[in-house]
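Asker: Residue numbers (the working numbering), protein chains in the order written: chain A, 1 to 83; chain B, 84 to 166.
If you are wondering where the hints come from, they were derived from the structure by calculation, not from laboratory data. Among these hints, one or two may not hold up.
If you want the ones that stay clear, here's a sample from chain B, every Cβ over 12 Å from chain A, calculated [unchecked claim]:
#1 Gln88
#2 Lys89
#3 Lys91
#4 Ala139
#5 Asp148
Taking lysine-lysine pairs in the DSBU-like style, the calculated list, with each CA pair at most 35 Å apart, reads [to be verified]:
#6 Lys54(A) <-> Lys6(A)
#7 Lys71(A) <-> Lys154(B)
#8 Lys91(B) <-> Lys6(A)
According to the in silico footprint, chain A covers these stretches of chain B (three or more CB under 8 Å from chain A) [claimed, not checked]:
#9 98–107
#10 112–119
#11 129–138
#12 153–162
C-beta: ideal position from N, C-alpha, C; glycine also.
One letter stands for each residue in the lines below.
2 protein chains.
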Amino acid sequence: MNEDQKNKLTVMIFGQQYKIVGNASSNYMRMIAGHVDDKMRQIAESNPRLDTTKIAVLTAVNIADEYFRLKEEYDELVKLLEE
Amino acid sequence: MNEDQKNKLTVMIFGQQYKIVGNASSNYMRMIAGHVDDKMRQIAESNPRLDTTKIAVLTAVNIADEYFRLKEEYDELVKLLEE
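Sequences and hints are given; from them, build the entire structure.
Answerer: If you want it as structure tokens, here you go:
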């Protein structure tokens with residue numbers, strides 16, 4: 001993919017429109033937006049009293065947790081490959 | 084770590100208190116909250132007109148993007164190890 005070519009996209013997340021810009025393909029960017037939308041809906045369903053800001057922050061916390069867990073596994077694999 | 088032992092923690096993210104619950108250590112949970120707080124501040128600085136909800140949603144999108152990029156690299160490593 002051409003790194004200089006920016007894709008601009010409007011996506012819907014939790015009923016709101018967002019303009020996102022990135023080097024990735026439109027499909028990838030839609031997939032990311034869909035992932036965040038799914039997580040927000042899950043968190044909203046389990047915590048019906050939370051406002052949208054809190055739902056979004058807890059979604060970010062949730063995804064960051066997944067990131068750091070995967071990072072730990074990734075680092076272990078890199079170590080294995082280096083041995 | 085004992086998987087049954089839940090840690091409850093109050094953390095500050097973007098000036099708001101959040102109660103988070105998890106199996107991970109308090110240090111890990113604070114690190115995750117700090118990561119989200121940092122990202123929100125970065126996005127808020129680059130986009131001063133955004134409200135807190137949009138900042139939080141875009142933070143979640145940003146972290147999800149990092150997750151899926153890492154996932155791709157991780158899957159490639161797994162393939163390499165299987166060969």
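Asker: Take the hints in turn and mark each one as holding or not.
Answerer: Going through the hints against the structure:
| no. | hint | verdict |
| --- | --- | --- |
| 1 | Gln88 | holds (17 Å) |
| 2 | Lys89 | holds (14 Å) |
| 3 | Lys91 | holds (14 Å) |
| 4 | Ala139 | violated (3 Å) |
| 5 | Asp148 | violated (5 Å) |
| 6 | Lys54(A) <-> Lys6(A) | holds (30 Å) |
| 7 | Lys71(A) <-> Lys154(B) | holds (9 Å) |
| 8 | Lys91(B) <-> Lys6(A) | violated (42 Å) |
| 9 | 98–107 | holds (count 5) |
| 10 | 112–119 | holds (count 5) |
| 11 | 129–138 | holds (count 3) |
| 12 | 153–162 | holds (count 6) |
The structure shown violates the earlier hints numbered 4, 5, 8.
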